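**Q** Based on the sequences and whatever the hints tell you, model everything.
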Amino acid sequence: MKRWTIVLALATLVGSYALAAEPIKIGALYMLSGNFANYGSASKEGVQLAVEEINANGGVLGRPIEVTFADHGSPDQAVREAKRLILENKVNFLFGIDSSSVSLAVAPVANEYKVPLIVTHAATPRLTEMCLPYVFRTSNNARMDSWAAAAFAAKQPYKRWANIGPDYEFGRVSWEDFITRLKELKPDVEVVSEQWPKFGSSDYSSYITALMRAKPEAVFSSLWGGDFVSFGKQAIPFGFFKTIRFYVNPTGGALQALEPLGKNTPEGMLVSARYWFLYPETEANKAFVKKFHDKFGDYPSYNAGEAYEGMKMLAAAIEKAGSIDPDAVKAAFEAGGGLKYQALEGLKWMRPADHQVFEDLVWGYTKNTDKYPFAILEPIVVVPAKDTIYPTKCSK
Amino acid sequence: MKARGWLYLIAATLLAAPWVLPGYALEVAIQVLILALFATAFNLVFAETGLLSFGHAAFFGVGAYTSALLMQRASWPYLLTLPAAVGTAAALALLIGFFSVRTSRIYFTMLTLAFAQLVWAVVHKWYAFTGGDNGVTGLQPGQLWSDPHALYYLALLLTVVTFLLAVRLHLAPFGYALRAIRDNQARAEAVGLSPFGYLLAAFTLSGALAGAAGFLQVAWQRSAFPDFLYWTKSAEVIIATILGGAQSILGPSLGSLVFVELGAFVQSHTEYWPLVLGLVLLGLVLFLPRGLAGLGGARAGD
Amino acid sequence: MDIGFLLLQFLTGLAYASSLFLLAVGLSLIFGALGIVNFAHGSFYMLGAYLLYWVVRGNPEGLWWGMLLVVALGLVIGALVERLLMRPVYGRPEHYQILLTYALLLVIEDGVKLLFGPAYKSLGPPAALAYPVWIAGAPFPAYYFVQIALALLVAGLLWFFLQRTRTGALVRAATLDREMLEALGVNVPKLLTAVFALGVALATLGGAATLPMQTVSPGIAVEAVISAFIVVVVGGLGSVWGALLGAFLIGEIQAFGVLILPDFAIAFVYLLMVVVLLVRPWGLLGRPPAVRT
Chain A
1 MKRWTIVLAL ATLVGSYALA AEPIKIGALY MLSGNFANYG SASKEGVQLA VEEINANGGV
61 LGRPIEVTFA DHGSPDQAVR EAKRLILENK VNFLFGIDSS SVSLAVAPVA NEYKVPLIVT
121 HAATPRLTEM CLPYVFRTSN NARMDSWAAA AFAAKQPYKR WANIGPDYEF GRVSWEDFIT
181 RLKELKPDVE VVSEQWPKFG SSDYSSYITA LMRAKPEAVF SSLWGGDFVS FGKQAIPFGF
241 FKTIRFYVNP TGGALQALEP LGKNTPEGML VSARYWFLYP ETEANKAFVK KFHDKFGDYP
301 SYNAGEAYEG MKMLAAAIEK AGSIDPDAVK AAFEAGGGLK YQALEGLKWM RPADHQVFED
361 LVWGYTKNTD KYPFAILEPI VVVPAKDTIY PTKCSK
Chain B
1 MKARGWLYLI AATLLAAPWV LPGYALEVAI QVLILALFAT AFNLVFAETG LLSFGHAAFF
61 GVGAYTSALL MQRASWPYLL TLPAAVGTAA ALALLIGFFS VRTSRIYFTM LTLAFAQLVW
121 AVVHKWYAFT GGDNGVTGLQ PGQLWSDPHA LYYLALLLTV VTFLLAVRLH LAPFGYALRA
181 IRDNQARAEA VGLSPFGYLL AAFTLSGALA GAAGFLQVAW QRSAFPDFLY WTKSAEVIIA
241 TILGGAQSIL GPSLGSLVFV ELGAFVQSHT EYWPLVLGLV LLGLVLFLPR GLAGLGGARA
301 GD
Chain C
1 MDIGFLLLQF LTGLAYASSL FLLAVGLSLI FGALGIVNFA HGSFYMLGAY LLYWVVRGNP
61 EGLWWGMLLV VALGLVIGAL VERLLMRPVY GRPEHYQILL TYALLLVIED GVKLLFGPAY
121 KSLGPPAALA YPVWIAGAPF PAYYFVQIAL ALLVAGLLWF FLQRTRTGAL VRAATLDREM
181 LEALGVNVPK LLTAVFALGV ALATLGGAAT LPMQTVSPGI AVEAVISAFI VVVVGGLGSV
241 WGALLGAFLI GEIQAFGVLI LPDFAIAFVY LLMVVVLLVR PWGLLGRPPA VRT
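Protein chains in written order, with this note's numbering: chain A, 1 to 396; chain B, 1 to 302; chain C, 1 to 293.
Calculated from the structure, these hints are not laboratory results.
Predicted model only: the values in this text are computed from it and were never measured.
Worth double-checking, as some hints may not be accurate.
Unchecked claim - With a cut-off of at most 30 Å between alpha-carbon atoms, the simulated DSBU-like pairs for lysine-lysine come out as follows:
id	chain 1	residue 1	chain 2	residue 2
1	B	K125	A	K393
2	A	K367	A	K263
3	A	K114	A	K330
4	A	K215	B	K125
5	A	K340	A	K290
6	A	K330	A	K340
7	A	K186	A	K393
8	B	K125	A	K183
9	A	K386	A	K320
10	B	K125	A	K198
11	A	K393	A	K340
To be verified - Quick look at which bits of chain A chain B covers, simulated, 3 or more residues with Cβ under 8 Å:
id	segment
12	27–40
13	76–82
14	106–117
15	122–130
Glycine included, every Cβ here is placed at the ideal spot set by N, Cα and C.
**A** Printed below as a string of structure tokens:
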């Protein structure tokens, strides 16, 4: 009995019928070790809760879902683990993936074995630009975040823009997409400074002073995780947030970063969250958050929410396909102009050509309140999906 | 005759493996062979000269990237990229070796580490050429080499060739010269050996063969990533070598077998592989200084 | 460019340099006296940050006594590691020591994850230092002055210890000829334990001192040890002053490199390392190694 093979079907009370049926096997790869294990463990919790609920309701096609979790680590470990899940565990689907480079390594392998891969976190636009027939992404990617940020930025009166982002693919592409889009929407903007600290830097002070010296009115940043925390802590005493009038940061609404910052979080930053646990204020979402909190002792972070919804959306696709055959599931995702799935945070639409989900994007301004020990998003602002639909070269 | 009997048995096992092992075990077996090739190459420098390179990941990685980029950008057939991968790895080893082999042991370790990190930084940043941290993905090594059976035999062939080369070198005057330099450089110089030339030649050959391991990895993984060149990858080959026993000619291969199989096994059960590996290493250093090969008292090389 | 801004930028470089110095000096000290390249050095640095977070229970005002406690814990941990793990491998080839410290790196990484969880840990600066000081009309974080002062204090104390005390003289002698010391009746094993413990304590102090402006997670050790290596490779392995000089150069090169070519700010540091490696492979203040015998 493998420790990490969690046969959640055992927890089922309703699904005695489902128990009898052969389970649908899903291999979930997340970053469970190393520096971003906090993200991976949250994603894993989202999947666990989704599967528990699905199986409690009789499973999918009357069959329970059985998830095997694996730590994807670096790309070579991830490819080996993917092969293990495919060849040894004989999984019907691969699922998850936190790191962008790992997603790029695993996607072609999954595709070659014709095992559909559903990505819930990795955000490099390249993944869905590979146009692989058996690869799907149920969360938004970095380009959509950048376009959403540009949509906000275009409405601001500010013309002098600057960037600070981690010096690797994600940071570079986020800024490139943002500024290109912003110049389309508002041609008179000007870039006064670009700063590229190393990904995983501990010290941002020189970058902060250099950036401030260029006197930007507004700043775009793609720092995330521990980088975002360190940057925030260092930027405050430099008076950064007092001199900058507008600060926009995709993925800054991650609980992984907001919780450690606590009350030190700068207020008024416009950040995105993909999924934010306080939005929308529907009964369904409140019930999910409560259930999650009861089970894991924490609020669902954006990637936990996306992992949860990704699993539910996959279940919907299988249900619609009426089988777990890869081509049938692919057709179910693509048919009728693309699968539309009602997620907690809104409607997710799978674009048939490149298998990228589009949805309204949740943003908000950081604010410290008495209700939570960390900053929350208030007010929340939503970017409609149509503002983020970029063209694709893939064809169906 | 007894030794020969063992040899036949090992050969038969290695040849039959692809037809006996189930799918995933075969995939892991290929990884074992790749690391065995890498470790045997690494040990050419380590065992024979006493110099611990902490930069061999650079040669592995450059070999891998050469192969990957030629396949993707120039549409070279996979097999033809082998000489190129070995060649670029050799050139890089020549360059790094030129600046490193003259220094004393611990400086050699630090210098090779520093140079390898530099190469890693270049690969990681040079988006236009290497793809940066996006890596080179979606590689198609062709119908034949996409089949794990064929790839296994290719890896086996290259590993055995490297292994025989290592044995040959060990017994050749070249090997004696290296060990003479290792044991007493001043005396070696006194009898007319040029340590620099010998050490550089050994280092270059070792780097070239590490490039061949990188060449195999891209076909197995269908992609190349900067992680191949990161210093923790250099640590892996050192661990595998010492785990098996650097002073035994079979040590690096044995160590690779244990390292890969143990890693695959542990990682399929828990994410705490670093902890397990760390404890294994502590036990190894404190209680088994001659590696696994030391258990049987085998010193096939000497 | 106005002088005021250059001063500000110089100070940011100095702040970074001071954290690099605190991180790297123990590595150099240990190498100098024991001849050991400690791959777990970054792990002790990380451990220092976790220990501070743990002892002050998230209260930033506990920073001062917290740091003292962390240094004390660092001394104890360092002494224990030296006694129990390092001592058996003295006199064995270097690679056993490297492997041993690498094993420690792995164990500590997962160990803190088991103890503290994978989430980032953060601690603000004490309230009195949470505000900027005005330098030439620009705000500068007050806490950085503490960090800079701490680095200078450590450098000064180390100078005093190494140059003006008998034990310090013995440590310096140990870097040159350990057997001679033994022959002279010095209790060398005890001395080595003390140096190793001191080196580890300095690493934990470094980690603790930077926590108020940074964040800690289990993976930072691997990054930290590489940064420390770059500092000592530039400055010279085994040289305390080399660590100071290396940290200073890297801090300032980053601070001013950002102004000149922001796109390649990181490359400047690597460039410095290459130049040093090519011109003086033993580092700026290191001693050229003797020919291998």
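**Q** So, for every hint listed, does it hold in this structure?
**A** Against the structure, the hints come out as follows:
{"no.": "1", "hint": "B:K125 x A:K393", "verdict": "holds (26 Å)"}
{"no.": "2", "hint": "A:K367 x A:K263", "verdict": "holds (9 Å)"}
{"no.": "3", "hint": "A:K114 x A:K330", "verdict": "holds (11 Å)"}
{"no.": "4", "hint": "A:K215 x B:K125", "verdict": "holds (28 Å)"}
{"no.": "5", "hint": "A:K340 x A:K290", "verdict": "holds (26 Å)"}
{"no.": "6", "hint": "A:K330 x A:K340", "verdict": "holds (14 Å)"}
{"no.": "7", "hint": "A:K186 x A:K393", "verdict": "holds (25 Å)"}
{"no.": "8", "hint": "B:K125 x A:K183", "verdict": "holds (26 Å)"}
{"no.": "9", "hint": "A:K386 x A:K320", "verdict": "holds (25 Å)"}
{"no.": "10", "hint": "B:K125 x A:K198", "verdict": "holds (11 Å)"}
{"no.": "11", "hint": "A:K393 x A:K340", "verdict": "holds (21 Å)"}
{"no.": "12", "hint": "27–40", "verdict": "holds (count 3)"}
{"no.": "13", "hint": "76–82", "verdict": "holds (count 5)"}
{"no.": "14", "hint": "106–117", "verdict": "holds (count 4)"}
{"no.": "15", "hint": "122–130", "verdict": "holds (count 3)"}
The structure fails none of the hints (numbered hints given earlier).
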